[in-house]
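**Student:** Go ahead and model the full structure; you've got the sequences and the hints to work with.
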Amino acid sequence: MSLRLGDIAPDFEQDSSAGTLRFHEWLGDSWGVLFSHPADFTPVCTTELGFTAKLKDEFSNRGVKAIALSVDPVDSHHKWIEDINETQNTVVNFPILADADRKVSDLYDLIHPNANDTLTVRSLFVIDPNKKIRLTITYPASTGRNFHEILRVIDSLQLTDNYKVATPANWQDGDEVVIVPSLKDEDEIKQRFPKGYRAVKPYLRLTPQPNR
Numbered sequence: 001m002s003l004r005l006g007d008i009a010p011d012f013e014q015d016s017s018a019g020t021l022r023f024h025e026w027l028g029d030s031w032g033v034l035f036s037h038p039a040d041f042t043p044v045c046t047t048e049l050g051f052t053a054k055l056k057d058e059f060s061n062r063g064v065k066a067i068a069l070s071v072d073p074v075d076s077h078h079k080w081i082e083d084i085n086e087t088q089n090t091v092v093n094f095p096i097l098a099d100a101d102r103k104v105s106d107l108y109d110l111i112h113p114n115a116n117d118t119l120t121v122r123s124l125f126v127i128d129p130n131k132k133i134r135l136t137i138t139y140p141a142s143t144g145r146n147f148h149e150i151l152r153v154i155d156s157l158q159l160t161d162n163y164k165v166a167t168p169a170n171w172q173d174g175d176e177v178v179i180v181p182s183l184k185d186e187d188e189i190k191q192r193f194p195k196g197y198r199a200v201k202p203y204l205r206l207t208p209q210p211n212r
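Quick note: the sequence shown uses full-length UniProt numbering, first residue 1, plus one each step.
Keep in mind that the hints were calculated from the coordinates and are not lab data.
Predicted model only: the values in this text are computed from it and were never measured.
Ideal Cβ placement from N, Cα and C applies to all residues, glycine included.
In silico DSBU-like links for lysine-lysine, alpha-carbon gap of 30 Å or less:
#1 54 with 131
#2 164 with 190
#3 103 with 54
#4 164 with 195
#5 65 with 103
Computed beta-carbon distance windows for the label pairs:
#6 100 with 148: 27 to 33 Å
#7 140 with 198: 38 to 44 Å
#8 22 with 183: 38 to 44 Å
#9 106 with 201: 45 to 51 Å
#10 140 with 187: 45 to 51 Å
#11 7 with 186: 32 to 38 Å
#12 3 with 30: 15 to 21 Å
#13 78 with 44: 16 to 22 Å
**Tutor:** Here it is as structure tokens:
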């Protein structure tokens, strides 16, 4: 069965490039980004892992831990990491799970027979500190992931978890946000949004972004 938004991300214990880890324990109170790769030494994924390493500070500022997965064994991962560091001018600073037994792939439904019946698809999960899945994206093998979009979604999730707002199309951190339609009481609105709001329509009320 495929995982849905709001489901608890399955826990597991698995070997990785950083040693054996238990997923929920490793996450602790952090947000997590778990993303899978078809195999080691694949060109698109080499660029993705390198770019993720370069985003270390961006992830840290948001309280996010990154972890990758490939079906190849740990010794292959270490050789691949050398290539990533060399070609992407970075240092891989997060674990790569070694899912040779497909245990994690089965838990997260990463084997899609219509795409390939042996290799994992290129899926990504954003997981919150309560271990709930908050975002899932699956990319075709030919298209590299947009990690700026991943950061944008995490910014939105962290903001909207704390305020009664939603983020509109193409929202970026600092843009106006939408007051949720369920919030009707004007006194509460004034208290929550002291900068006021503009009503484009009764159901579409825009307000300056609260401080994150």
